[in-house]
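Colleague: Chain by chain, the residues:
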Amino acid sequence: MANVFAFAETRGGELRKVGLETVTAARRIADAMGGGEVHAMLVGAPGVEKHSAALAAHGADVVIVVADAALSDYSPEVVAATAAARISAGGYRAGVFSASAQGLDLAPRVAAKLGVGLASDAIAVDVAGDSITVRHPMNTNKLFATITIAGTPALLSLRPGAVLPVANAKAGTVEAVAPAMDPAQARVKVVEMREGASGKLDLAEAPVIVAGGRGLKAAENFKLVEDLADAFGNAAVGATRAVTDDGWRPHSEQIGQTGRTVSPNLYVAVGISGAIQHLAGMRSSKTIVAINKDKDAPIFKVADYGIVGDAFEIVPALTAAVREARREG
Amino acid sequence: MKIAVCIKRVPDMEQRFKIAGSGTAVDETGLKYAMSDFDEWAVEAALQLNEKHGGGELVVISLGPDAVQETMRKALAMGADRGIQLKTDAIPFDGLAVAHALAAELKDGGYDLILLGKLAVDNASGVTGPMVAELLGLPCVSAVSRLDVEGGRGRAERALEGAVEVVEFPLPAVVTVDQGLVIQARYPALKGIMAAKKKPLEVKPAQLGEATVSVTKMELPPERAPGRILGEGAATVPELVRLLREEAKVL
Ligand SMILES: Cc1cc2nc3c(=O)[nH]c(=O)nc-3n(C[C@H](O)[C@H](O)[C@H](O)COP(=O)(O)OP(=O)(O)OC[C@H]3O[C@@H](n4cnc5c(N)ncnc54)[C@H](O)[C@@H]3O)c2cc1C
Ligand SMILES: Nc1ncnc2c1ncn2[C@@H]1O[C@H](COP(=O)(O)O)[C@@H](O)[C@H]1O
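Residue numbers (this note's numbering), protein chains in the order written: chain Y, 695 to 1023; chain X, 305 to 555.
Pulled out of the complex, with its shape left as it was, chain Y reads as follows (with noise of 0.2 Å):
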């Protein structure tokens, strides 16, 4: 029997995704190792408990509350302080956290403060007797190495989609704790949040993206592919690097080497030529979809399906044909 930390992350007092996928692989781990127990925490201003619930149902035993009007928004070294503090006296096995923009600054502060393995960027969990490995991918994606952590607590990180919320309902018993650090003692402080455009799907998280490259042209044309994303429906915008530095996209939207890291289970590209730093952060998605002018572009020796031809005649027609089968279902 051994109990499972997972860190359930909120933004602006509400839950994300990832932290019902934290809580869900920390369920995993307990249980393949002899059922113990998960604890979830939840950091926030009051009233952030309101997402015990959602925890417990998806496999948290307690939960762990936070509450602090001075934690509405991230505070990196209050945060760290007090998930170290309590991953120390709690005995854990091991301790769940999410390759997020938040969990990538998290989790190794916290490693570090208690000076234990931390496996980063896991798209997958394994439990073979009393040993936790994770896959990870290298070397954009050229490589996948299977990491064994050492020692206990094992921490890890896991990449955002890999593991998808399952239900499991627990107790869910709710704990208060206080802040292991005076939130007003903290050097770093978020002075301003930019929200980008709300609702719209991160790229982590999408199941489609549509990318657009240097063969649209100009800003403007993106409507092309935002037009296309939202048919489908469950899509998020991507970019190539020589679109975010001219500026028609936000550096957010960059896939590739120096980019993001993505794969969703389809990946449409349009007007990109397929160069190789831009394959590294996207080769790995499950279907490929590539439109371009030029037949011998590097794109269609990875694209499952390929189209040779103008993007401003093809991607309407596309937009429009999606709609149409996602009517009929």
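Treat the hints as calculated values from the structure; they're not laboratory data. Treat the numbers as computed from the prediction; the structure is a model and nothing was measured. It cannot be assumed that every hint is accurate.
Taking lysine-lysine pairs in the DSS-like style, the calculated list, with each CA pair at most 27 Å apart, reads [to be verified]:
hint, chain 1, residue 1, chain 2, residue 2
1, X, K411, Y, K917
2, X, K411, Y, K995
3, Y, K987, X, K553
4, Y, K883, X, K553
Calculated Cβ distances over 12 Å to all of chain X for the following chain Y residues [as the list claims (entries may be wrong)]:
hint, residue
5, A739
6, P740
7, K744
8, A763
9, A783
10, A795
11, A848
12, P877
13, R881
14, V885
15, E889
16, E914
17, E947
18, G950
19, A969
20, A984
Computed footprint of chain X on chain Y, listed as stretches where at least three residues anywhere in the stretch have a Cβ under 8 Å from a Cβ of chain X [what the hints assert, rightly or not]:
hint, stretch
21, 864 to 870
22, 895 to 901
Cβ coordinates follow ideal geometry from the N, Cα and C atoms, glycine included.
Keeping the supplied structure of chain Y fixed, place chain X with the ligands upon it in accordance with the hints.
Modeller: Only chain X with the ligands this time, still in chain Y's reference frame:
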């Protein structure tokens, strides 16, 4: 300002990789190496900061075998003032072990700012920066795409999923560099390359921490089926939609 940048020598990602006989590492025979992209941007960002504030010192630190001296020479040619090699035969996979060695060197360096990459493009772990900060007890801002420093304080932006967070912090601090902070790293000019040969490069043993994670198996990804062109022009769209629905099952 006195700035330190930690730079890692990594394989050039455009190569085809093979697995070593051990089955737990990449076969290094014949591989070409380069500075990790994010670290190159960190060097550029540090140079720009010191140029803007009219002076300062830039020290680059790299942990690894003697070959990392070549990587440091590139940073020196770009404009860094001196280099420190933390010598070890092989770079361990474990970020915490590396962070211990970097922190031991940085501890008494008197740096105002310590820059690392958001992640090393080979390991793709992205853990070392925040770990170094914790070990040194310094404030840390990770994955920064905008940075301003003025009067002993920093202001930085970091991209979250669908949002941007703006933070303020006091120096000295550890910052990890994301894309967007600089557009492009400068190419060393011939003059810089010549000057770099004479810049000081100190070699010290790396005080690595104990490894807490290790690679127990390394594999190549499954081969993708070769690409398939369905046809030309908008007339191919109905066939594409059929395949997306019936074969790929994504519609
Ligand atoms: C260190 C380093 C890191 C990098 N990191 C990244 C990264 O993370 N991500 C990334 O994307 N790139 C990265 N790059 C850049 C990369 O090498 C390419 O330059 C970039 O991906 C090209 O973008 P693109 O495909 O949009 O443009 P291009 O290569 O210019 O391709 C445009 C394509 O559009 C097609 N086209 C033109 N008109 C039409 C039309 N009307 N209809 C249909 N197709 C059309 C053309 O045939 C062409 O294939 C990096 C480069 C370096 C050196
Ligand atoms: N061997 C090394 N020598 C110097 N700096 C390193 C080394 N390994 C990692 N770093 C720094 O830590 C950052 C993040 O690495 P990682 O946590 O391995 O993804 C890199 O971008 C470098 O700035």
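Colleague: Confirm or reject each hint.
Modeller: Consistency of the hints with the structure:
1. X:K411 with Y:K917: violated, 51 Å
2. X:K411 with Y:K995: With Cα atoms ~49 Å apart, X:K411 and Y:K995 exceed 27 Å; violated.
3. Y:K987 with X:K553: Satisfied, since the Cα-Cα distance of roughly 26 Å is no more than 27 Å.
4. Y:K883 with X:K553: Violated: Y:K883 and X:K553 sit about 46 Å apart, past 27 Å.
5. A739: The claim holds: Y:A739 sits with its nearest Cβ about 16 Å from chain X, beyond 12 Å.
6. P740: holds, 21 Å
7. K744: holds, 21 Å
8. A763: Check passes; 19 Å lies beyond 12 Å.
9. A783: Non-interface label stands for Y:A783: nearest chain X Cβ at 18 Å, farther than 12 Å.
10. A795: violated, 4 Å
11. A848: Per Cβ check, Y:A848 is inside 12 Å of chain X; nearest 9 Å; violated.
12. P877: holds, 14 Å
13. R881: violated, 4 Å
14. V885: Contrary to the label, Y:V885 does not stay out of reach of chain X, its closest Cβ about 5 Å off (not over 12 Å).
15. E889: violated, 5 Å
16. E914: Per Cβ check, Y:E914 is outside 12 Å of chain X; nearest 21 Å; holds.
17. E947: violated, 10 Å
18. G950: violated, 9 Å
19. A969: Not fine: 10 Å to the nearest Cβ puts Y:A969 too close to chain X.
20. A984: Violated, because the least Cβ-Cβ distance between Y:A984 and chain X comes to about 8 Å, which does not exceed 12 Å.
21. 864 to 870: violated (count 0)
22. 895 to 901: Contact hint for the stretch 895 to 901 of chain Y vs chain X: holds, 5 residues under 8 Å.
Violation of the numbered hints given earlier is confined to hints 1, 2, 4, 10, 11, 13, 14, 15, 17, 18, 19, 20, 21; the remaining hints are satisfied by the structure.
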